[in-house]
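Participant: Chains as they are written, first to last, in our numbering: chain A, 1 to 231; chain B, 1 to 366.
No wet-lab data here; the hints were simulated from the structure.
Even for Gly, the Cβ is constructed at its ideal location relative to N, Cα and C.
Keep in mind that the hints are not guaranteed to be accurate.
Said to hold, decoys possible - Some chain A residues judged to face chain B by a derived CB distance under 7 Å, without partners named: (1) C12; (2) A70; (3) V207; (4) T211; (5) S212.
Claimed, not checked - Which residues of chain A face chain B? A few of them, derived with a C-beta cut under 7 Å, are: (6) S122; (7) L202; (8) F203; (9) I209.
These are the residues of each chain, in order.
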Amino acid sequence: MTQPPDLVLIGCGIVFETIASTWPQLSQGERKLQLIRLDSTDDAANAVNEQLSLLNNTEIEIFAAIDQNALNFARLEIYGQARLLGLKSTTLIHPSAIIAPDSRIGENCWIGAGAIIASGASIGNNTLINTGARIDYGAQIAANCWVGSGASIGQYVKVGQHVVIGSDINLGANITVGRHCSIDMPGAYLTSLAEGTFIDSLFPSAVHIYTSKSANKTMPQTDITAKEASK
Amino acid sequence: MLSKLSQKHYIDPDIFAKEQKQIFSKLWIFAGLRTLLSEPDAFLTRTIGGIPILIQNFAGEIKAFENQCAHRQAPLQLEAYGQRKLACRYHGWSYTDDGHVKSIPHQEALYHFTADEKEKLCLRQFAIEIIGNLIFINIDADPLPIEEQFTDEFRQQLTTISGYFSSQVIHTSVPSQFNWKLNFENVLDYNHIPFVHPQTFKPLINKAAISSAPARKALPEKTLLSSLSYASTMEMQVKKWPWQASVEGFGEPDTFHTHFIYPNVNFISVGGLIFLIQQFDPISASLTDVRLSLMTARETNKIRALSAILWGYLKSEKRVLDEDRALLEGLQSNLYDNGKPSYHGAYEVQLQNVAEVYLDLMETQP
Ligand code: FES
Ligand SMILES: [Fe+2]
C-alpha cells in the first residue's frame with residue numbers, strides 16, 4: 001500500500017492554526033504535516049516562492065491557508081503560485097463536518113468542524129467554509145471565497161468569486177451575491193447584492209465600487225418608446 | 001483675533017437655509033466623477049442646494065437636469081451611479097437629450113395634451129463645467145463665471161492631476177453630526193493633525209510647515225473667492241505598494257498633494273498613486289454627509305486585486321475620518337446661540353479668509 005503524501009501547510013491565521021492543531025484528527029495519524037508559517041500576508045507568493053520550488057510534487061500535497069485577507073486574493077497568490085509550479089493542492093474536511101454525497105467541493109478547500117454542505121451544493125476551488133457554517137440545498141459558492149463561522153447560505157443562493165461572508169451571517173434563499181463583495185455585519189440578508197458591495201460595521205451604509213463599464217447596477221432597461229401606444 | 005462667524009452660524013436653521021440659496025445655489029459645486037460617466041446613458045444623481053439633480057452622458061455629451069419628472073415629480077434616475085435611458089418609471093414618459101418630453105405612453109387616449117403643451121413640458125437644465133475628470137454644477141439661472149471661483153492655474157492643476165484617475169472608484173457617504181463648515185475649516189487646519197491623528201498621520205507631520213505660519217493678514221485687503229481654492233504639496237515618505245508598478249502615477253514620488261476646493265471639497269493624493277475626494281455635503285445645520293470617493297492612478301497593467309486594494313484603503317481613510325468626526329461632533333453638540341466666537345492665531349489666516357468670503361456671499365443681494 002502506498003503511503004499518502006505528506007501535507008505542506010502554508011500560510012497564517014485562523015484556518016492555518018486550526019488545521020495545524022487538529023492535524024492528528026484530520027490525518028488520522030497517517031500523514032505527516034510540514035508547516036510554512038508566514039509572518040505577513042503581504043506579497044505572500046514571493047515570500048514562499050523559493051520554498052515552494054524546492055518541493056517535490058510526487059511526495060507532497062500543499063494547502064494554502066490564509067484567511068479572508070484582501071478578499072481572499074492573498075490566499076489565491078499562494079495557491080496560484082503552487083499550481084504554477086505544478087504542485088498539487090488538496091482539500092481538507094474536518095471529520096465532524098456533514099457533506100452530502102452529491103455536493104461538489106473543489107481543491108484547496110477547507111470545510112471546518114460541524115459545517116454542513118447540503119445536497120446539490122457546490123463549492124469552488126480555494127474556498128474556506130468555517131466552523132459550523134451551513135450551505136443549503138443547491139447553493140453555489142464560487143472560487144476564492146470565505147464563509148465565516150456559523151454563517152448560513154440559503155438554498156439556490158449564488159455567490160460570486162472573491163466574496164467574504166462574515167461570521168453569523170444568514171443569506172436568504174435564491175439571492176445572488178456578485179463577485180468582490182464583503183458582508184461582515186451579522187444579520188439576515190434577503191436581497192441580492194451587486195458586484196463590489198461592502199457591508200461592514202465601520203460604515204453606516206453599504207459601500208460600492210463603481211466602474212465605468214459595470215456601472216450598470218440598475219434595473220433591466222425597458223424600452224418605453226416601443227411600448228408607446230401607436231395609432 | 002476673533003472669528004467673524006458666531007456659533008449661531010453653525011447651528012441656526014435659518015442661516016442654513018440662506019447658505020443653501022446664497023452659496024450652494026450660487027457657486028460651482030463638485031458633483032461627481034467624469035470617469036464614471038464615460039458610457040452612453042451613464043448617469044449620477046445628487047441633491048445640490050436642495051434640488052435633486054441628475055447628470056447624464058447623452059451620446060458623449062454630459063448634461064445636468066433636475067431629477068424630477070415633468071409629470072408628477074417622480075425621480076427619473078434613482079441610483080447614485082448607474083446607466084439607463086432618461087425615462088420615468090412611474091408612467092413611462094421618456095425624455096430627449098435636451099430635457100424635452102419625447103414620448104408619453106397613451107398620450108392620445110389619456111392625456112389629450114396639445115402639441116404646444118407637450119412642447120412646454122421639459123426638465124430644468126443646469127450649467128456644468130468639466131475640469132479634467134471632475135464635474136462641477138451650478139444651479140443658478142445666471143451662473144457665476146467659473147474663473148471667478150477657480151483661477152486658471154487651479155483649473156489647470158485639477159485637470160492635470162484628475163487625468164490620472166482610474167475608472168474604478170470606491171464610494172460611500174458617512175452621515176456626520178456637525179455643520180459642513182467645521183469640516184472645511186478642519187482640513188485647512190494642519191495643526192490638528194498631531195493631536196487628533198497621532199498614529200495615523202505620523203509620517204505626514206511636517207515640522208517645516210508647522211514653523212512657517214504666515215504673518216498676520218493685513219486687514220484692509222479684500223479676500224477673493226478664487227483665493228480660497230488652491231493646491232499645495234508636501235514631502236512625505238510614501239510606502240512602496242506592490243501594485244504601484246502597474247499604474248501610471250502623477251507627479252513626483254514621495255509627495256502628498258492636497259486641493260482645497262471651496263466651498264466643500266478636500267481632494268488629496270498620496271504620492272500621485274491614491275486619490276481621495278472628500279466632500280462635506282450639507283444636509284442641515286448640524287448634519288453633513290461626508291462623501292468619500294477613492295481611486296488609484298489608472299492602470300497600465302490589470303490589477304486583479306484592485307477591489308480589495310480600494311476596500312483596504314477606504315477602511316483606513318474611514319478610521320482617520322472617524323478621529324475627526326469624534327472631535328467635530330463633540331464640538332458641534334456644545335455650540336449654543338450666544339456662545340463666544342472662535343479666537344484665531346496667525347496660522348489660521350485661511351479660516352479668516354474663508355469666513356470673510358462666506359459672509360460676503362451670504363450678504364450679496366440677488
Ligand atoms: S411621474 Fe413621471 S411619468 Fe408620471
Ligand atoms: Fe483630520
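Participant: Hint check: is the beta carbon of A70/A less than 7 Å from a beta carbon of chain B?
Facilitator: Status holds, d = 4 Å.
Participant: Let's test the interface hint: is any C-beta of chain B closer than 7 Å to that of C12/A?
Facilitator: This hint is violated: C12/A lies away from chain B, its Cβ roughly 17 Å from the closest one there, beyond 7 Å.
Participant: For the restraint on L202/A, tell me whether the closest CB of chain B is nearer than 7 Å.
Facilitator: holds (5 Å)
Participant: Hint F203/A vs chain B: min CB-CB distance below 7 Å?
Facilitator: F203/A check passes; min Cβ-Cβ to chain B is 6 Å, inside 7 Å.
Participant: Can V207/A be said to touch chain B, with a Cβ gap under 7 Å?
Facilitator: holds (4 Å)
Participant: With a cut-off of 7 Å, does the beta carbon of T211/A approach a beta carbon of chain B closely enough for the hint to hold?
Facilitator: holds (5 Å)
Participant: Grab the minimum C-beta distance from S212/A to chain B and call the hint holds if it beats 7 Å, violated otherwise.
Facilitator: holds (4 Å)
Participant: Tell me if I209/A is really an interface residue toward chain B, meaning its C-beta lies closer than 7 Å to one of theirs.
Facilitator: Holds - the Cβ of I209/A comes within 7 Å of chain B, reaching about 5 Å at its closest.
Participant: Min Cβ distance, S122/A to chain B: is it shorter than 7 Å?
Facilitator: Violated, because the Cβ-Cβ distance from S122/A to chain B comes to roughly 23 Å (cut-off 7 Å).
Checked against the numbered hints given earlier, this structure breaks hints 1, 6; the rest are met.
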